[in-house]
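Student: Protein chains in written order, with this note's numbering: chain V, 1 to 279; chain A, 1 to 284.
No lab work stands behind these hints: they were computed from the structure.
Heads up, some of the hints might be wrong.
Not the full set, but computed from the structure, chain V residues with beta-carbon under 10 angstroms of chain A [said to hold, decoys possible]:
(1) R45
(2) R80
(3) V128
(4) S131
(5) W139
(6) H165
(7) V249
If we take Cβ atoms under 7 angstroms as the criterion, some of the chain A residues that face chain V in the derived model are [said to hold, decoys possible]:
(8) Q44
(9) V161
(10) A165
(11) D174
(12) A179
(13) G180
(14) L181
(15) V183
(16) A185
(17) R226
(18) T231
Think of the CB as a built atom: it goes at the ideal place given N, C-alpha and C, for glycine as much as any other residue.
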Amino acid sequence: MTTARPTRRAVARRQAGMIMRIRITTEPGAPPEAPPIDAHAVTCRYGDDVAVEAVDLRVGTGEFVALVGPNGSGKSTLARALLGLRRCDGEVRLFGRRPRDACRAGLVAFVPQRSHLAPVLPATVTEVVTSGRLPARGWWHRPGPPDAAAVAHAIEAVALTPMAHRPVTELSGGQQQRVLIARALAADPALLVLDEPIAGVDAASQRQFRDALVHLVQAHGTAVLLISHELGAVASDLDRVVVLKHRVVFDGPPRDLVARGVHLGVHAEDLPAWLEGLG
Amino acid sequence: MTGPAALAALRFPWPFERLSMQLALGAGILVGVVAPAVGAFVVQRRLSLLGDGLGHLAFAGVAAGLLLGWSPVVVALGVAAAGALGIEWLRGPGRTGGDLALALFFYGGLAAGAVLASRAAVTGRSVNVVPYLFGSILTVTPADLWRVAGLAVVTGVVLAVAGRALLAVALDEDAARVAGLPVDALGALVAVLAAAVVVTAMQVVGLLLVAALMVLPVAAARRVARSFRATLVTAAAIGAVSVVIGLVLARAADLAPGGVIVLTSAAIFAATSVAGRRPSRAGR
Chain V
1 MTTARPTRRA VARRQAGMIM RIRITTEPGA PPEAPPIDAH AVTCRYGDDV
51 AVEAVDLRVG TGEFVALVGP NGSGKSTLAR ALLGLRRCDG EVRLFGRRPR
101 DACRAGLVAF VPQRSHLAPV LPATVTEVVT SGRLPARGWW HRPGPPDAAA
151 VAHAIEAVAL TPMAHRPVTE LSGGQQQRVL IARALAADPA LLVLDEPIAG
201 VDAASQRQFR DALVHLVQAH GTAVLLISHE LGAVASDLDR VVVLKHRVVF
251 DGPPRDLVAR GVHLGVHAED LPAWLEGLG
Chain A
1 MTGPAALAAL RFPWPFERLS MQLALGAGIL VGVVAPAVGA FVVQRRLSLL
51 GDGLGHLAFA GVAAGLLLGW SPVVVALGVA AAGALGIEWL RGPGRTGGDL
101 ALALFFYGGL AAGAVLASRA AVTGRSVNVV PYLFGSILTV TPADLWRVAG
151 LAVVTGVVLA VAGRALLAVA LDEDAARVAG LPVDALGALV AVLAAAVVVT
201 AMQVVGLLLV AALMVLPVAA ARRVARSFRA TLVTAAAIGA VSVVIGLVLA
251 RAADLAPGGV IVLTSAAIFA ATSVAGRRPS RAGR
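Next up, chain V with everything else stripped away, as it sits in the complex (with noise of 0.2 angstroms):
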């Protein structure tokens, strides 16, 4: 049996007795010795236009990292490249390989933007969360009860035990993203990259959102990185805020960004604006 080795936050957070409510069944993944994330010099182009240029990028075992930036600055871009999902220049390692052997080992989840989640059959919430569990039993496998338990716990760490037999599409949006989390959950990834996961969606959700994630990183010792314009609800838990206008032009905590002005909480809906002045 292994567990995850929480960060020096994280084990502060729970002396503090703030850890979640959320019982864990699940064993925790084991994150190998190399970082999550590992990148260096990464160049993407859209034709003769850079999106991202020369980027380096460390995110650590049970890191928060979020990933800001103006409109069109490379985010979403940087972080297909991440994932192994678009061919750009220079060199990506996740936990030490190659993003597609480090996928294949089931050692990475993704949450898109709640648009990808727009079922044309009724799916329910726990036929959707149910595919998260996959990569970890092998897809032809039938799911057994081990399975049921962790999708029934991903489903309650997001609060839609409720609704878990309702069809997705009968949901909010703010619903339908923390069904996105869930899935993600029930993976039980080392690492775990959101892009925009909260974009449009209402206080309460954006709540249970932060709660879903503060429990993966704490719990589970999962590295996350999160690209969102809307931080306000993370603010106080993240480890690392990296900005980036198609290079790196910060990269620290994030009482580091409070000091060049930018307040994440405070300038939550009109941080992207803020950011233009950045670099």
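Given the structure of chain V, go ahead and fit chain A onto it with the hints provided.
Tutor: Using the frame of chain V, we list chain A on its own:
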């Protein structure tokens, strides 16, 4: 006792008292179940016209088979399967979009079929393509029935083993790829399965109508089902019922069975649409 002999020994009520109608019933029900079961994954991937495109490719295969003197069904299966893989490849990242890929094969297949059929006619071969285009369910032979049954078994096994992974890919290809699922292989599996359904079903409803049997029962089922599993089961049931009702009506009114089967399926879709649907909150 063989399957057809066993069928003959049973006493079926009107309109299935003849062996030809019994074989049509058996093949039709199997196709009615299998086509929507595969179609559900096609629809979920927003490729509802895939069956049409594959039907046109299969038409080219039929014409090539008639020209070469080979089995039209076998050649059609090969061409449709190759085309299905080609469409999947074209849909890949950085290549042609899904609808454009379909259009390319759609019209290319139809044009190739017309050229090959005309060439076959010039060489003096029999080029009656009408049964392939509009179906000839009343000419189903025992061998045809076994072939359809084989497809049903293979489809059932594939969906039992890979159905959950296919759903994961259909819901979100990027997330499935990051989760380590073999997205390309699973996509190819669905495409080839759809090609096999199209070619197998062409005798039941014809190449021009087979896509309807893959899509209409699924569209009707989504109006009443509340889960993906329930959608699969309901769509398969609607497909089978459409075939039975279609055969009865076709026999009673002396109509073309393939067309009546598809119209029955369309009527069921209309009925489920009128029966009401929960409001979707997606996109809020």
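Student: For a quick check of understanding: which of the numbered hints are violated here, in increasing order?
Tutor: Violated: hints 1, 7, 15, 16.
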